[in-house]
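Engineer: Which chain is which? The protein sequence lines are W and U, in order.
Just so we're aligned: the first sequence equals residues 7 to 210 in my numbering.
Just so we're aligned: the second sequence equals residues 7 to 210 in my numbering.
FYI, nobody ran anything at the bench for these hints, they're computed from the structure.
Treat each hint with caution, since some may be false.
FRET-style restraints, in silico, Cβ to Cβ [to be verified]:
hint, chain 1, residue 1, chain 2, residue 2, range
1, W, P180, U, A79, 38 to 44 Å
2, W, K55, U, S19, 57 to 63 Å
3, W, P156, U, G178, 21 to 27 Å
4, U, V37, W, T106, 30 to 36 Å
5, U, T64, W, S131, 19 to 25 Å
6, W, Y59, U, H40, 25 to 31 Å
7, W, T182, U, V143, 22 to 28 Å
8, W, G178, U, A79, 21 to 27 Å
9, U, A24, W, A24, 53 to 59 Å
To give a feel for the contact side, a few chain U residues facing chain W, derived at Cβ under 10 Å [unchecked claim]:
hint, residue
10, F172
11, R173
12, D199
Note that beta-carbon positions come from the ideal geometry of N, C-alpha and C, so glycine has one too.
Spelled out, the chains give:
There are 2 protein chains.
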Amino acid sequence: MAESPVRRPGGRSAQVRATVLNAGLAELVDVGFHALSLEGIARRAGVNKTTLYRRWGTKEALMLDAIRERASAKVPIPDTGSLREDLVTLVRAAIANLLTPEVQAMVRVGIALSPHENAVATMVSSFWTERLAVDGVVVERAIRRGEIPPVDPGGVIEAVLGPPYFRALVTGRPVTDEFLAGTVDLVLTGLLDPEHREVRGDLP
Amino acid sequence: MAESPVRRPGGRSAQVRATVLNAGLAELVDVGFHALSLEGIARRAGVNKTTLYRRWGTKEALMLDAIRERASAKVPIPDTGSLREDLVTLVRAAIANLLTPEVQAMVRVGIALSPHENAVATMVSSFWTERLAVDGVVVERAIRRGEIPPVDPGGVIEAVLGPPYFRALVTGRPVTDEFLAGTVDLVLTGLLDPEHREVRGDLP
């Protein structure tokens, strides 16, 4: 199959790419990160392994692409005109995505291995630098609308994603919809309170 | 050494216990959780391995004790008379504790393995059920003082620990003192806002 796919959206190359990235996530769930290999992913995808070596070079580069694509597909950036609505929609989609076996496996691997493996740490940090910027667009729009004062958009995203991630990955308590909406409300109340102007500069 | 230590605080038995628990944490950092064994911990502590089998039975039970003791020692429960002060003190100590190599190793192991190993999942869930209740005492006192309306104390602890944990373990952005204090301020503002009464019932 596809020996030299051209990077062009929508065509055969894009199809091969999607097949490979999905195979990477499925293979991770099945074999774990240590046993994961470009060979194994190629076999699962039914693609020549030289294609994978040429296009991604390492399993970390491939998996970064896989998790990035998954997040783009499953966590679209809302634009409802209300920051509260945007954040609730975003957090709900982000946590639903986190709770799938593939994404959980990636996130847990990233947390376990990033202190020990530079390639994993780089993958995690690239993903989050990019993702906080992408998610932060909803905050930037709210600032431009005058809905909230200027704040660090990535910090707001961390404030609303932090508690549900903590629950899902650390304490294991149930991540209910009320909890997600409550977290967003709490953060927005803090951001909007005129007596807590200093908070705005600090946290986010 | 100490073949049949009696469980009595302060004596020789307590000393052996402390030596063993510290050896467990040090051994975890050196060999990782898979290679960790009661034999290895006994060797490192200079204690007969039958003592460890009799007292703890499994490495998971020993490590739960180790992380619990470490948290009690390094994250004392403050009682300053102000919820804000108490929470800032608590979160600062909890994150300083999290950022030590031993506790990071434990937490990352817990996150990586709890979906796959029941004994690890039980260890993590026992630790956090207990720890959220212990930390939640500062919130309970504030409720009794009338400083805040009735809320779920564990939920408040999750709201203030979530964002710094997320930063430390997931996004990797720096966990500054301003960030910690800002998180506490944001949560308290939300809890205290009379226009957001519904939040109180929901989140915490």
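Engineer: Now, for every hint given, state plainly whether the structure supports it.
Structural biologist: Quick rundown of the hints versus the structure:
For the hinted restraint 38 to 44 Å between W:P180 and U:A79, the CB-CB distance of approximately 30 Å leaves it violated. The hint said 57 to 63 Å for the Cβ distance between W:K55 and U:S19, and at roughly 59 Å that hint holds. At about 24 Å, the CB distance of W:P156 to U:G178 agrees with the hint of 21 to 27 Å. A hinted range of 30 to 36 Å for the beta carbons of U:V37 and W:T106 is consistent with their spacing of about 32 Å.
Checked against the hint of 19 to 25 Å, the pair U:T64 and W:S131 fails, with Cβ atoms roughly 35 Å apart. With their beta carbons about 30 Å apart, W:Y59 and U:H40 fall inside the hinted range of 25 to 31 Å. In this structure the supplied range 22 to 28 Å holds for W:T182 paired with U:V143, their Cβ-Cβ distance being about 24 Å. Between W:G178 and U:A79 the beta carbon distance is about 24 Å. The supplied range of 21 to 27 Å therefore holds.
The beta-carbon spacing between U:A24 and W:A24, approximately 55 Å, falls within the hinted interval of 53 to 59 Å. A hinted interface residue such as U:F172 counts as satisfied when its beta carbon comes closer than 10 Å to some beta carbon of chain W; here the least separation is about 4 Å, so the hint holds. Look at U:R173: its Cβ gets to within about 6 Å of chain W, closer than 10 Å, so that hint holds up. Contact between U:D199 and chain W, as hinted, is supported at the beta carbon level, the nearest pair being about 5 Å apart and thus within 10 Å.
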